[in-house]
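*Asks:* Please assemble the complex out of the two chains, which come individually in their own frames, going by the hints.
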Amino acid sequence: MDTIGWLILVVIVVVVAAVAFVVIRRRRRGGGVIATKDKG
Amino acid sequence: MRLLMTASQIRGLPVVTVQGGEDVAEVRDVIYSPEAGRLVGVTLNKRGFLAGRSREVLPAEAIHAVGQHAVMVLDESSLAAPEDAPDDVAHPAMERNVLGDDVLTEGGASLGKVADLVLLVGSSGEVVGYQIDKAGGGRGYIPLPAQLSVSGVALVVPNITEEFVQDDLVGLGAAVDEFRARLGLP
Chain A
0 MDTIGWLILV
10 VIVVVVAAVA
20 FVVIRRRRRG
30 GGVIATKDKG
Chain P
0 MRLLMTASQI
10 RGLPVVTVQG
20 GEDVAEVRDV
30 IYSPEAGRLV
40 GVTLNKRGFL
50 AGRSREVLPA
60 EAIHAVGQHA
70 VMVLDESSLA
80 APEDAPDDVA
90 HPAMERNVLG
100 DDVLTEGGAS
110 LGKVADLVLL
120 VGSSGEVVGY
130 QIDKAGGGRG
140 YIPLPAQLSV
150 SGVALVVPNI
160 TEEFVQDDLV
170 GLGAAVDEFR
180 ARLGLP
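Protein chains in written order, with numbering that gives the first Met the number 0: chain A, 0 to 39; chain P, 0 to 185.
No lab work stands behind these hints, which were simulated from the structure alone. On a predicted model such as this, the values are computed, not experimentally measured, just so you know. Every residue, glycine too, gets a C-beta built ideally from N, C-alpha and C. One or more of the hints may lead you astray.
Not everything, but these chain P residues come out facing chain A in the computed CB check (under 8 angstroms) [unchecked claim]:
1. Arg10
2. Ile30
3. Val39
4. Lys112
5. Leu116
With a Cα cut of at most 20 angstroms, we get these calculated DMTMM-like pairs of lysine to aspartate or glutamate [as the list claims (entries may be wrong)]:
6. P:Lys45 x P:Glu82
7. P:Lys45 x P:Asp22
8. P:Lys133 x P:Asp167
9. P:Lys112 x P:Glu75
10. A:Lys36 x P:Asp87
11. P:Lys133 x P:Glu162
12. P:Lys45 x P:Glu34
13. P:Lys133 x P:Asp101
14. A:Lys36 x P:Glu34
15. A:Lys36 x P:Asp166
16. A:Lys36 x P:Asp167
17. P:Lys133 x P:Asp87
18. A:Lys36 x P:Glu125
19. P:Lys112 x P:Asp74
20. P:Lys112 x P:Glu94
21. P:Lys45 x P:Asp74
22. A:Lys36 x P:Asp86
23. P:Lys45 x P:Glu75
Chain P with its partners taken away, still in its complex shape (with noise of 0.2 angstroms):
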């Protein structure tokens, strides 16, 4: 099943083995490739009511499924420490949480703040767009391979991006269609 999710309602849902039902984390930092349009992993939290972070991550290739109210995990093994885990996942760059920052065309126009990522779960954890709060207000979204550059302060994009953003997540997967075929890409 294809779902579409954002990222802050994959923040917090516990990670659950298939072999056991057993609740061994809880979801604590989405990582994605703005590059590769993918989600790489999460970091986790432990389990329990005032438990921390976990020195364990959980790279995208042992995500078995991500549903609504769970992600799914073959067996405990699947959580890796960060010397089993890619870099990438193991020692995320926390100065570039995109939450917050500034959308921006090329062109210096302000679109809105980054309010979210939007993902397609259930397959291979694609990354389809953002969730802005819009300049003039209200929310909106824009399609993934909207951005030329991404920090952890700004998301700047080509000028066409104005043209495509759109107020609501159906509207979101035909304007990604159409904005790869505007931008040439396959």
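Isolated chain A, as found in the complex (with noise of 0.2 angstroms):
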């Protein structure tokens, strides 16, 4: 593979990381507006 093989190569996996890693970041912070159940 030459260098511009390997340059996109690079930037695919840094690309695919950064995704994953705001992914899995968001998932575990996660959050949101919860109603209570009617108690009558």
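*Replies:* Right, here's the structure in full:
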């Protein structure tokens, strides 16, 4: 694989890692607005 | 000081102790009672960049103050273990997340989708109303006693709610009083 090929591979790996990081962080931080159930 | 805040502004705020100034947790979920119209408590995340959900929760009674930049508690003992906290806070019904719920009148007309919850903080944590993404586009606000029922799917409101959709938070305060009067609520 030539230099351009390696460069593209590195860019793809970095982008995939960044997306995975953001998704994992959002899932772990979570958060919502929860309504309690009516009691009567 | 009384301050109108949305639930999304409260989510992610640090929980800080008054005695010691320690940053002990971060707000994860905001739990409210649509019946009582008040904040019931919050669930927590641990501190740290990738830290997840904390086992401990924070009931509304243990909150010293909610401000623009932090939720204040007296000390670390204010955080309650699930077995010591009210059930609604310790085991919140996650399927009853109202964000994204359709707002429907009892006549079947859609007013939009729930975008947020508006609270009056600094006092009792009174819930004032909902911020909605209007069906016709743009943001709007409806007063809280509006809903007849709430689930994780839809918020059903009386037909007259359509008259009380406000474009801003300033209008919402006045609309709540007028709306309650029209419904004969105290």
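*Asks:* Given the hint that P:Lys45 pairs with P:Glu75, does the C-alpha gap stay at or below 20 angstroms?
*Replies:* holds (13 angstroms)
*Asks:* Is the hinted pair P:Lys133 and P:Glu162 satisfied, with a Cα-Cα distance of at most 20 angstroms?
*Replies:* Roughly 13 angstroms between the alpha carbons, so the hint for P:Lys133 and P:Glu162 holds.
*Asks:* Please verify whether A:Lys36 and P:Asp86 have alpha carbons no more than 20 angstroms apart.
*Replies:* holds (11 angstroms)
*Asks:* Holds or violated: P:Lys45 and P:Glu34, Cα atoms, limit 20 angstroms.
*Replies:* violated (30 angstroms)
*Asks:* Taking only the CA atoms, is the gap from A:Lys36 to P:Asp87 under or equal to 20 angstroms?
*Replies:* It holds: about 8 angstroms lies between the C-alpha atoms, which stays within 20 angstroms.
*Asks:* Hint check: P:Lys112 vs P:Asp74, CA-CA at most 20 angstroms. Holds or violated?
*Replies:* violated (38 angstroms)
*Asks:* Are the Cα positions of P:Lys45 and P:Asp74 separated by 20 angstroms at most?
*Replies:* Distance of about 16 angstroms is within 20 angstroms: holds.
*Asks:* Does the alpha-carbon distance linking A:Lys36 and P:Asp167 stay inside the 20 angstroms limit?
*Replies:* Since the Cα atoms of A:Lys36 and P:Asp167 sit roughly 29 angstroms apart, the hinted pair is violated (cutoff 20 angstroms).
*Asks:* Are the Cα positions of P:Lys133 and P:Asp87 separated by 20 angstroms at most?
*Replies:* Roughly 30 angstroms between the alpha carbons, so the hint for P:Lys133 and P:Asp87 is violated.
*Asks:* So if I understand the rule, the pair passes when the alpha-carbon distance is 20 angstroms or less; does P:Lys45 with P:Asp22 pass?
*Replies:* holds (10 angstroms)
*Asks:* Compare the distance between the alpha carbons of P:Lys112 and P:Glu75 with 20 angstroms, and conclude whether the hinted pair is satisfied.
*Replies:* Status violated; Cα separation ~37 angstroms.
*Asks:* For the hint on P:Lys112, just tell me whether its beta-carbon gets within less than 8 angstroms of chain A.
*Replies:* violated (13 angstroms)
Going down the numbered hints, you'll see the structure goes against 4, 9, 12, 15, 16, 17, 19, while the others check out.
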